[in-house]
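Colleague: Modelling step: build the complete structure from the supplied sequences, incorporating the hints.
2 protein chains.
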Amino acid sequence: MKTVTLKQIANELNISVTTVSKALKNYPDVSKKTRQRVLELAKSLDYTPNAYAVSLRMKQSKTIGVIVPDTVHHFFSTVIKGILKEAESRDYMVILMQSNERFDLEKKQIDLLMSKGVDGILVSLSNDTKKFDHLQKVIDYNIPLVLFDKISKTLKCSKVYIDDRKAAYDAVTYLIKKGFKRIAHFRGDLNPQNSIDRFLGYKQALLDNGIPFDPELVYMCNNNADFDDGYNNAKKLITDHGSNVDAIFTITDLVAIGIIKYFKDHDIKVPDDIALFGFSNWFMSSVICPTLTTVEQHAFEIGEQSSKILFDEIQCKLTKTPIKHKNIIIPTEMIFRESS
Amino acid sequence: MKTVTLKQIANELNISVTTVSKALKNYPDVSKKTRQRVLELAKSLDYTPNAYAVSLRMKQSKTIGVIVPDTVHHFFSTVIKGILKEAESRDYMVILMQSNERFDLEKKQIDLLMSKGVDGILVSLSNDTKKFDHLQKVIDYNIPLVLFDKISKTLKCSKVYIDDRKAAYDAVTYLIKKGFKRIAHFRGDLNPQNSIDRFLGYKQALLDNGIPFDPELVYMCNNNADFDDGYNNAKKLITDHGSNVDAIFTITDLVAIGIIKYFKDHDIKVPDDIALFGFSNWFMSSVICPTLTTVEQHAFEIGEQSSKILFDEIQCKLTKTPIKHKNIIIPTEMIFRESS
DNA sequence: TTGTATGCGTTATCAA
DNA sequence: TTGATAACGCATACAA
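First to last, the sequence lines map onto chains S and V.
One point on numbering: in my numbering, the residue at position 336 of the first sequence is 336, and numbering is uninterrupted.
One point on numbering: in my numbering, the residue at position 283 of the second sequence is 623, and numbering is uninterrupted.
Everything labelled a hint here was simulated from the structure, so no lab data went into it.
Treat the hints with care, since some could be wrong.
Calculated cross-link-like contacts (lysine-lysine; reagent style DSSO-like; alpha-carbon spacing at most 27 Å) [claimed, not checked]:
id	chain 1	residue 1	chain 2	residue 2
1	S	25	V	399
2	V	471	S	2
3	S	108	V	648
4	S	43	V	648
Modeller: Below is the structure:
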């Protein structure tokens, strides 16, 4: 079957392409009768406008691009769901890319999205991203850009994120109030701001509560903060400190789950021997045994908010309204469960 | 910053647009010197072709569409990862949509994708999809279409899926060989083929092993086969049959995890009192306690294969080679763990 | 080796 | 109320 064009409808009805176009767009200056005929024929032929022609003409694609580090991640797939929902309601399409935490891929993908002429871009930075020229380029070309979750504070664009430092501070403070004193931290990569901020929050909470900060109690998750990082670091922790540790605050739930596994294998009781506090509230954390105390990040809302802002900025651009960038901090909340 | 076009380069160099175009595409009929000048200027101006103009002209968009029922699902997000990987390597973009298991949305999204002129479409059907006109339309318009996982056998297009019936048959047979006799099944919705096939495999395994099929042992998961379905059905099961059940085969891991929770709350031991066999091998299943015996579906491979086939068909269409639809069955495997 | 002309399918301006 | 014409940016058959 062939795609129907305005021209074909025009020929069939012996009228001009212009008139057909106007009729279909409900322009006032076309007679009721012709409009009727056009509409009917268009419907019966199942006419759909050619999106490329429209985009070329209108310089608008009704498409946005989204780059996340990893789709197989409860947090990101939930964010994506929020984005898709907002896009759907506006008849926008979403081009999804994943950077695999690699700077070179992220850069290439930005270029691809720009060459595709998307109306706006949503990005959560890769851990590997330390230079921002590629994103600055997006801004320079005046394409609306919103960063979420893994952001760079230096870029002049809207951002949606959580207060990692505060969330971590609150979590560790809670542990301290509960009486834990030797609190370890399994932290994430050195680079991303989230990881740094959670570490700083941890440290600050200790200091503010008169507990000395012991760098020996901080372990790096080099493996992208996954299950194995938790398992292996748990092993190191026990080797290094034996029972001289009573709680662990982890960069993310998955790491805590690795710890639980190691502890289970070695008969270490949670929370009696060592308590755990995770981060992100993966679904899994509510069903694992023991259930995991953690921080809810409201991923879906992050997705919704970021795309709302993006669509607002796209709208502003169309109407030539000046854009005011936003900094939205989505409040987190602590979810108390069995592990601490 | 403004987007650069061929025309601007042409003006700058005082040559024609045609020559610029040819130079950039390495046509042989352009002098080395002009090519050189064009290439340099293009580079310094950071020229990128306008994708819409190219698509309009070439009737090719280098974009494919993907529709899944739900992005926040370990299986689907892993499939998506496989698709993105294949697309990435071909410089293709992926437009992602989610149907939320709703027929009307799926239909609308197909229309959107078609009007967008994507080069091909990958779909995993919603549970709600019982009519296939919208997909037939894709086929009629000669747009490559590949169904994966949740497929319809009646449509004339390529398909990638697993043998649900065999997988279920093998799982239940395994339970029987282990000595379990009163095996319940928590099944999925009535509609999707997967759900039906797993049920049929379950039934067949019983019959082939001389165990009478007892419809009273089959429970429906109405809530889209989630955690609550497992939890609530476990409750019903115990109310209905007390200890006269020794194993449960579930439509998916998440349901089994709901069961584990209920059993934990009510002191029912897995696998001693009741054994469990899940389906899909969610990551969670390897870390829950007890770890869950299940069926690995190789989601990533399903994503890879489906997109490979789709890209092959797109290629065939371009080269006018006749397309031969494929039916790929990705082998499953049983993962034995503590729950049975 | 280069350039002219044409068309892809729309939309917008302006004249009839 | 209608339609001829141009333009969006690019690619190509064909002429120079």
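Colleague: Now tell me, hint by hint, if it's right for this structure.
Modeller: Evaluated hints:
With a CA separation close to 24 Å, the supplied pair residue 25/S and residue 399/V stays within the 27 Å bound. Restraint check for residue 471/V and residue 2/S: the C-alpha separation of about 23 Å stays at or below 27 Å, so the hint holds. With a C-alpha separation of about 22 Å, the suggested pairing of residue 108/S with residue 648/V holds against the 27 Å cut-off. For the proposed pair residue 43/S and residue 648/V, the alpha carbon gap of about 35 Å is over 27 Å, so the pair is violated.
The structure fails to meet hint 4 from the earlier list, while all remaining hints are met.
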